[in-house]
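*Asks:* Sequence:
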Amino acid sequence: MYHPFGYRNTGTLKKVVAILLTLFMSTGCIPKKTTLKPMADNLSPPAVLADSSKGSFWKNQVKYPLPVQYFSVKDARDQIWEIAVMDSYLGFPVDEDTPTLVLIHGRGANSGYFYQLMRYAMEADIRVVAVDLPGYGKSLPGNLGNQIPRTMDDSRKLVFDVLVQQMNIKKAAYLGHSMGGQWVLGYALNYPNAVEKLILESSYGLEEYSTTVPINESEQLAIFNPIMRYDYSKWQSIWSRLGYFDQEFAKSAEDIRLFYHFQKLDPETGSITRSPVGYFKNQSIDSIFLTRVRTQMIWSTADEYERYIRNSIWDIYGQGIELRREDPDSLVKNLEHIRVPVLMAFGEADPFLPTTLFSNNRNIRHDIVKPAFIRLASSGYLPRVVFYKRSGHIPHADQAKKFAADVIQFIGNGEVVSKQEDPLAY
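In the working numbering, each residue carries its 1-based index in the sequence shown increased by 57.
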C-alpha cells in the first residue's frame with residue numbers, strides 16, 4: 058500500500074522526510090535547523106575529462122553521473138539504433154510499485170545535466186531512468202551511420218521499445234525538459250498506458266507554429282513542410298537559407314560560454330556585457346557540465362560534432378511539423394486527450410518561450426500557459442503550474458532544490474511545494 062507520498066515503508070519514509078525537509082528549508086518553507094546534504098552513494102557529478110586520444114568524445118571524455126547501459130533497437134526503416142540509458146534505484150528490489158521517474162532531455166542537451174535532480178529523486182526512494190535521445194549524448198557516436206531524418210514519433214517509438222519492451226518499465230512519471238517536454242506530451246498520447254504523470258519543464262509543444270516564416274519583406278519559406286520529413290536533401294536546401302548551419306559552426310567556445318550565461322561580447326569595446334538571452338541564471342554543477350560539454354565539443358571528433366549540429370537543427374524542424382497551426386491533428390489540438398496529472402514548470406526569466414519567430418506569440422502566461430492549461434484540464438486533471446524566480450530556461454539547474462522538491466512531491470501525491478499559479482486568473 059502507498060503512503061500518501063507514495064513510499065512503502067517506515068525506514069524509507071524517514072529518509073524521504075529528511076530529504077524533503079532539506080529541500081523545504083532551502084526554499085524557505087520551514088525554519089532552517091540543520092544542514093542535511095542528501096547524496097546517493099553511487100552517484101557522482103558529471104564531468105568532461107581531458108583526453109588526448111582520437112576516439113569518441115562522448116564515450117571517452119564525457120562522464121555521466123551513473124553507469125550507462127546501451128540498448129539496440131530497430132526502427133521502421135530497419136536501421137539499428139544504440140540508445141544510452143542510466144537506470145538507478147537505491148531501494149531493493151524494484152517492483153511494480155516502485156515509483157519511477159523517466160528523464161528526457163532537451164534539444165542539444167544530454168541526460169548528464171540532470172545530476173542534481175537525479176540525486177534528490179534517488180534519495181527520495183524514486184527509481185530514476187535517464188535517456189539520451191537518438192542523436193544526442195552517448196546515443197550519438199553509435200548511430201553515426203544512420204540517417205539524420207527522423208520524426209519525433211520515430212524517436213518515441215525507439216525509446217518505448219527500450220523502456221517498456223526491453224527494460225519492462227510498464228508505467229512511470231515522465232519528465233521532459235524543453236524539447237523533451239514536447240517529446241513526453243507526444244509519448245503520452247501515443248502510449249497512454251505507459252505514462253502515470255507528466256512533468257513539463259520549460260516545455261515546447263504547448264503553442265502552434267505557422268508552416269511558413271518570412272525570410273525577407275517579400276518571401277515566405279515553408280520551413281515546416283512535413284513532406285520533407287524523410288528527405289534530407291530537400292530539407293537542407295530549405296533550411297540552409299535560414300543561416301543556422303553557418304551560425305552554429307562559426308561559434309567559438311567563448312561565444313558559447315558567454316551565451317549560456319546571459320552574457321555577450323561588445324564588438325566595439327571588447328567588454329563583456331549582459332545579454333537578454335541565455336540558459337543559466339545561476340552557477341551549478343549542471344550548468345558547468347553542460348557548458349563544458351558544449352564548448353569542448355568544438356575540438357572533439359569532427360564527425361560527432363558535425364552530426365550534433367545537424368541533429369540539433371533538424372530537431373527544430375521535427376518539433377515544428379507536429380505543431381503546425383494548419384494541421385487539424387496537431388499536437389497542441391490533442392492536448393485535451395492527455396488523461397494524467399500534469400505539472401507545468403517554468404523559469405521567470407526564460408527568453409525562449411514563447412517561440413515568437415514561429416508562433417507570433419508574445420506572452421508566456423497568456424499565450425502558452427493559459428490555453429494549454431485549459432486544454433489539459435478538460436481531461437479532468439487540473440495541471441499544477443509553477444514559475445521559478447531567478448531561473449531561465451533550465452529550472453532544474455537554476456533552482457535545483459526547489460524544483461526537485463516539487464517533482465518529488467508531485468510524483469508522490471500530485472501536489473507541489475512551491476506556490477502555484479492559477480492560469481484562469483491571468
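Hints in this document: simulated from the structure, not taken from any laboratory.
Incorrect hints may appear among the rest.
[As the list claims (entries may be wrong)] Listed next, the in silico DSBU-like pairs over lysine-lysine satisfying Cα-Cα at most 35 Å (straight line):
| # | residue 1 | residue 2 |
| --- | --- | --- |
| 1 | LYS214 | LYS321 |
| 2 | LYS116 | LYS227 |
| 3 | LYS390 | LYS458 |
| 4 | LYS476 | LYS446 |
| 5 | LYS321 | LYS390 |
No experiment lies behind these values; they were computed from the predicted model shown.
*Asks:* Could you run down the list of hints and mark each one as holding or not?
*Replies:* These are the hints, each one checked on the structure:
1. LYS214 to LYS321: 40 Å, violated
2. LYS116 to LYS227: Cα-Cα ~29 Å, so holds.
3. LYS390 to LYS458: 34 Å, holds
4. LYS476 to LYS446: Roughly 11 Å between the alpha carbons, so the hint for LYS476 and LYS446 holds.
5. LYS321 to LYS390: 38 Å, violated
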